[in-house]
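**Q** Below, each chain spelled out in residue letters.
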Amino acid sequence: MSQPLSAEQLLGAWRRMVTIREFEERLHREMPKGMIPGFTHLYSGQEAIAVGVCDTLDREDVIVSTHRGHGHCLAKGCEVKPMMQEIYGRAGGLCGGKGGSMHIADFSKGMLGANGIVGGGPPLATGAALAFRNLGNRRVSVGFGGDGSANQGTVFEAMNMAVVLKVPTLFVFENNGYSENTAADYAIGARDLAERCAAFGMPAETGDGTDFFDVYERTQRAVERARNGEGPSSLVFTCTRFFGHFEGDPQKYRAADEVDTFRQTMDCLSKFRDRVTGEGWLEEAALQQVHDEVLALIDEAVEEAMAAPLPDLATLTTDVYTTY
Amino acid sequence: MPVMSYREALTDAYRLSMRKDPRVCILGEDVAGGAGASGQRNIGGIFGPWPDFLPEFGEQRMIDTPISESAIVGTAVGAALCGLRPVAEIMFSDFLGLCLDQIWNQAAKFRYMFGGQTSCPVVIRVNTGAGMSAGSQHSQTGYGMMTNIPGLKVVVPASPADVKGLVMTAIEDPDPVIIFDHKSLFTDKGEVPEGEFYLPFGEAELVREGDDCTIVAISRMVKFSQKAADALAKDGISVDIVNPRTLSPLDEETILESVEHTGRLVVVDESNPRCSAATDIAALVASKGFSSLKAPIEMVTAPHTPPPFAPNLERAYLPGPKDIEAAVRRTLKG
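Just so you know, the sequences run in chain order A and B.
In terms of the working numbering, the first sequence opens at residue 14 and continues consecutively.
In terms of the working numbering, the second sequence opens at residue 2 and continues consecutively.
Hints may be right or wrong, so weigh each one.
From the structure, some residues in chain B lie toward chain A, with a derived Cβ separation under 7 Å [as the list claims (entries may be wrong)]:
#1 SER6
#2 VAL78
#3 GLY79
#4 GLY116
#5 GLY152
Derived, one-sided and incomplete: chain B residues facing chain A with beta-carbon distance under 10 Å [said to hold, decoys possible]:
#6 SER120
#7 MET133
#8 SER134
#9 SER249
To be clear, the hints were calculated from the coordinates, so they are not data collected in a lab.
We treat Cβ as the ideally placed atom computed from N, Cα and C, and that holds for glycine.
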């Protein structure tokens, strides 16, 4: 097969995927130390989806994320250090410490926010796409959701609305097998999620969420349709998460060896590395160098975040309104 | 000054705003009407506020939607984040339950939760209130619940002039605004300034000046309070009537100054009484204006029941001029 992306693009994708993985693995080790406030939902295992989707987008395109949003943020270009500060509740965080893990946003990067409400984001993605349609530009929006969000009425409404208004948006469902503690196989009555998406009147397909190239190619086609005024699409990517629903989740609902098995068989990073080195597109040494750089950056980010100043108490009451 | 109905003022305000700013669009059920149907297109909205908006502004800006309140508001909110100035119409305020997440957790939170990175200039317009025997699910208000939400501005126009001035301000406001247009006021007439007209948020109107009691009345209750005031005047009792115009922000100063002058307060709201705009205003005066009070605060509200259907029951449910008059007289006995 011919090389689908330049070496630079491939190395960039690797950097973003490894950044997400190491960011999350590090948070998993840091959480029990008690310095990170609140609820955190890790993205480990799903990296190929965030990066495969966002690498098809331009900076001006926008995404709306979920409670499991760190991966989407990093894939869309949020900087590691201000993200880490946000998660630690520090003044230098992307949201000044007022958002936290579930509400990271960076509008300058087209990242319109992680969202603590399952199913809260897709209607916003439809709206962003309506703005792009009415303003006459070629931007697109992506609404991410999990298999859990796929059962929310808000998502059904957003999908139908997008079809009716024929707006340039993508609904990306990451089926990691679990809606919190409940299996997707149990909770999705239709079984075939893509078929249900298609029933709303848009192209819908299922891809391998552990294969960066599969995600990239399917998304690229959907983005192209959207940019050409052909309306919305849905993409369902099967994947797994390497951690629990939230940090601290004992995961009693998963078989004892499930995660270990999936780490062996469904690791999107291993698959990517094997593919790009096997095809001779990238050298192992280059991948390793990026990996080392990422680890150093995350070390620094954690260290700096723990030492960073807390939000000024005066900010408690600022930015509720623009004017009041 | 021209005289126009509440509905005509509404039409005037939106038409001027849409002519002024091409980013303004209106989306909701039947806002143009007749999309995809075999008969007439361009119905002009269910309560008729958008006559001939479709030919003037086109389908991109007069957007008929499916019956999907959550997606109507969510789409408007998302569009507001990306450069439009959308107005989402929710046909009855009772339907706010269907889209509460997009108001409460999304639009109203973004600026704060994202550390001031964005504003969210969306307007949500709802038809509100009892008086049409529309029953329990088409007669409620809901502005009390909305006033409880930080990040959201809440507008309650009581007159045609209010409608025009507050709508035009709402559309240019950078924050999420919800406007409760009272459906039993649509045919009421009043003087309305010509051309662009803006009323600032957080500035109450002193509708009537008097010495013996302050009436703070919301929306349609301003009109009923004026009738009560006319009756009281025959006995030499004069009242201040304060129309807050916006519940969030609330013009506390005008209310407190009036009570300081009169020493008595009657709050009139057709909503249910618990955790309501009425209790909020009563609490304001009790905590910040207690030393001015010569009598206990009176609240005239609906009972704590759903709005009933039968016309005689609905009349009993709604506060009327006589209830307001009696409440004022009670404060004067104290």
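**Q** Hey, does the SER249(B) contact hint survive, CB to chain A under 10 Å?
**A** Constraint on SER249(B) satisfied, holds at 8 Å.
**Q** Identify whether the interface hint at SER6(B) stands, where standing means a beta carbon of chain A within less than 7 Å of its own.
**A** Check failed: Cβ of SER6(B) comes no nearer than 30 Å to chain A, outside 7 Å.
**Q** Let me know if the C-beta of MET133(B) comes in closer than 10 Å to any C-beta of chain A, holds or violated.
**A** violated (28 Å)
**Q** Taking the least C-beta to C-beta distance, is GLY79(B) closer than 7 Å to chain A?
**A** holds (2 Å)
**Q** Would the hint on GLY116(B) stand, with a C-beta cut-off of 7 Å toward chain A?
**A** holds (4 Å)
**Q** Hint validation: GLY152(B) versus chain A, beta carbon distance must be below 7 Å. Holds or violated?
**A** Cβ of GLY152(B) sits 5 Å from chain A, so the hint holds.
**Q** Could you check if SER120(B) really has its C-beta closer than 10 Å to a C-beta on chain A?
**A** This hint holds: SER120(B) lies near chain A, its Cβ roughly 5 Å from the closest one there, short of 10 Å.
**Q** Should the hint that VAL78(B) touches chain A count as held when the rule is a Cβ pair under 7 Å?
**A** This interface hint holds because 6 Å falls under the 7 Å limit.
**Q** Should the hint that SER134(B) touches chain A count as held when the rule is a Cβ pair under 10 Å?
**A** violated (30 Å)
Of the numbered hints given earlier, the model fails hints 1, 7 and 8; all others are met.
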